[in-house]
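Colleague: From first to last, the protein sequence lines are chains A and B.
When we follow the numbering used here, the leftmost residue of the first sequence carries the number 1, and every step to the right adds one.
When we follow the numbering used here, the leftmost residue of the second sequence carries the number 1, and every step to the right adds one.
Because the hints were derived from the structure by calculation, they are not lab data.
Just so you know, not all the hints are guaranteed correct.
Among the chain A residues that face chain B by a calculated CB cut under 10 Å, a handful are [what the hints assert, rightly or not]:
| id | residue |
| --- | --- |
| 1 | Ile301 |
| 2 | Asp331 |
| 3 | Asp336 |
| 4 | Asp345 |
| 5 | Glu417 |
| 6 | Ile428 |
On the chain A side, residues computed to face chain B include the following (Cβ under 10 Å) [what the hints assert, rightly or not]:
| id | residue |
| --- | --- |
| 7 | Arg339 |
| 8 | Ala341 |
| 9 | Val418 |
All of these numbers come straight from a predicted model, not from anything done at the bench.
C-beta atoms are modelled at their ideal positions from N, C-alpha and C, and glycine is treated no differently.
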Amino acid sequence: MLLDARDLEEGTVLETDVCIVGAGAAGITLATELRGSGLDVVLLESGGRKDEPETHRLYDGPFEGPFEKDNYCLDSRCRFFGGTTNRWTGTCRPFDDIDFEHRPWVHLSGWPIRRDGLDDYFTRAAEVLDSPVFREHRGDGQLTPHNTLSEDGEPGRLVPKAMYRSQPVVRFGKKYRQVLEEADDLRVILHANVTELVANAPGTAVTEARIAVLCGPRVTLRAKRFVVATGGVENARLLLASNSVIPGGLGNQHGNLGRYFMDHARLRVVGHLMWTGPKPKGSLGQRIRSEISSAPKWFYIMYSPSTEVQRREQMLNCGFRLMGSQVGHVDPLTVDAHRLAAAVDRHPGGPGLREAAPKTAFKGIKFYIEHTPNRESRVMLDDTLDPLGKPRTRVRWRISDSDVDQIYRTLDLLGREVGAASRGRLRITVDRDRIFQEQGFLGSHPMGTTRMTDDPKRGVVDPDCRVHGLGNLYVAGSSVFPTGGFAHPTMTLVALALRLADHLKATPA
Amino acid sequence: MTERAPNPSRRRLLTSLGVVTVGAGVGLSLKWRGGVEEVLHLRDLMADVANLQSLGTRYLELHPEDRDLRAVTAAVFGELPPPDERYDRALDLVRQRVRQDYVDGNTVRLDGWILTRTEGRLASLPLLLAAASGARGDQ
């Protein structure tokens with residue numbers, strides 16, 4: 001059933017078994033899975049069925065980070081039915097094994113759940129996302145057997161990984177609207193903005209959600225269980241703003257709520273790879289396509305340091321793409337580097353610089369990196385209020401030197417890999433002190449602000465995604481990720497939402 | 001790959017390298033006092049890398065410790081190949097050393113280019129040769 005909060009009477013009190021706040025990828029997945037389970041469900045959505053500027057501006061808030069020009073809070077999300085899937089690229093890839101592991105060299109790494117425990121959920125998530133599932137989605141996620149850039153048969157230090165995209169891109173609001181409308185045990189309420197979740201007096205459970213409507217009524221929803229699924233920034237905002245009973249907000253007894261904010265900083269072009277060897281027969285993509293279990297509609301390849309190399313060299317995870325690139329000015333040093341490589345490598349028929357440049361001899365290198373969890377990167381409540389009286393967010397993002405090191409160490413690996421294989425040479429084109437200002441842009445993948453831990457002192461939610469200390473409050477979405485890997489977060493957050501649905505169905509309120 | 005004729009004259013070699021005037025321009029402080037003849041038989045290989053003036057100059061600016069012709073030659077080729085050494089053998093030697101440098105991470109960064117130290121030395125060798133020739137009054 002699809003309702004609109006603007007049609008409700010002032011002071012209306014609703015009741016349900018499970019209240020889900022937020023109708024994006026996580027919330028809609030959860031609601032869809034709970035159909036027919038015997039639980040009555042209400043799914044609350046701040047926006048309507050289409051984008052509305054007044055509602056969207058409820059996201060607005062200051063952002064402090066390496067991308068000062070970007071209005072992160074406004075530009076990175078969609079606030080209407082379907083959430084940010086209304087504008088995403090549809091790229092799917094599960095996180096790798098190593099993303100879940102405790103890595104002594106990565107501060108606060110280690111998920112309290114194992115990657116292989118999610119295998120079946122990733123399979124189901126692929127169905128939800130119309131994404132194919134491939135065998136390389138299990139384990140360390142690298143493709144075989146052509147694992148090297150060198151093609152010389154030796155184990156690669158950099159390994160190709162496939163990023164899949166459904167065609168057409170799945171928009172959750174469109175794809176799942178009908179099934180949600182037709183469900184007897186589910187009410188979707190549009191234009192319902194939750195301004196606070198109110199806890200009981202001892203602060204052990206949430207009793208009700210206070211709902212406000214722009215130029216409309218104030219409503220109350222009482223539920224046995226609540227799930228916050230409003231995105232990586234807004235999840236923290238709502239819990240921080242729910243402070244009328246517990247000062248500091250829900251789940252913030254140890255000061256971790258909103259902290260450890262992460263995204264995937266992306267870098268457009270950080271270097272150029274100059275091919276000096278002959279092109280291999282058949283593209284890497286074509287060969288991979290012939291080797292995977294079923295042909296995907298669309299995918300692209302990213303390279304990462306192998307799991308072994310990440311462990312041995314104590315590196316963060318990351319991925320880079322080789323993109324067609326125009327090199328406007330071929331400077332004398334480049335000409336010399338090409339001549340030198342040609343003299344040393346001696347590839348008969350290799351591309352000459354004049355013949356190949358600038359379109360085919362060079363590949364630009366585009367980066368996605370994992371970030372070290374940083375306590376000083378955080379979502380906070382601003383002093384200003386939005387039109388509903390809820391404190392706006394203030395997001396602060398700090399990128400550590402070790403994160404920048406990761407980029408240059410990976411480029412060094414790539415340069416060594418292609419050089420050792422006599423296939424090319426690499427030039428880094430960005431100074432490290434200007435790298436984010438010149439080439440950085442935002443991944444719009446907010447994560448980590450309600451991180452999942454066994455120990456309540458180190459996080460916000462437990463391995464079941466339940467807020468530490470509150471028996472009936474859960475969080476869904478990428479805000480529970482303790483670390484962020486390099487892959488797009490949607491497939492992993494959908495897998496976790498499916499897992500949470502199983503938990504809610506299996507456990508009594 | 002064809003075998004190449006050995007031992008041209010010293011002046012002919014340096015002329016073919018096109019670097020006679022370059023070495024004087026890089027302001028090298030040479031330690032080498034040996035004979036140019038010792039490396040003449042590398043001329044074919046040198047000819048391939050003779051015009052890497054930008055790269056060689058930059059390498060020597062950033063790595064002034066590598067301005068000793070004898071030491072650099074030894075570092076590139078292991079030890080000076082015998083005069084009748086074939087071009088292919090010398091090239092193989094360099095290629096193996098370059099590959100091993102990449103594997104071991106023995107690399108340098110020249111204005112962003114990631115190259116091996118052997119490659120940097122190779123690019124600078126014609127400059128060192130030319131400068132040595134100039135120091136001996138061969139111009």
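Colleague: For a quick check of understanding: which of the numbered hints are violated here, in increasing order?
Modeller: Hint check: 1 fails alone, others pass.
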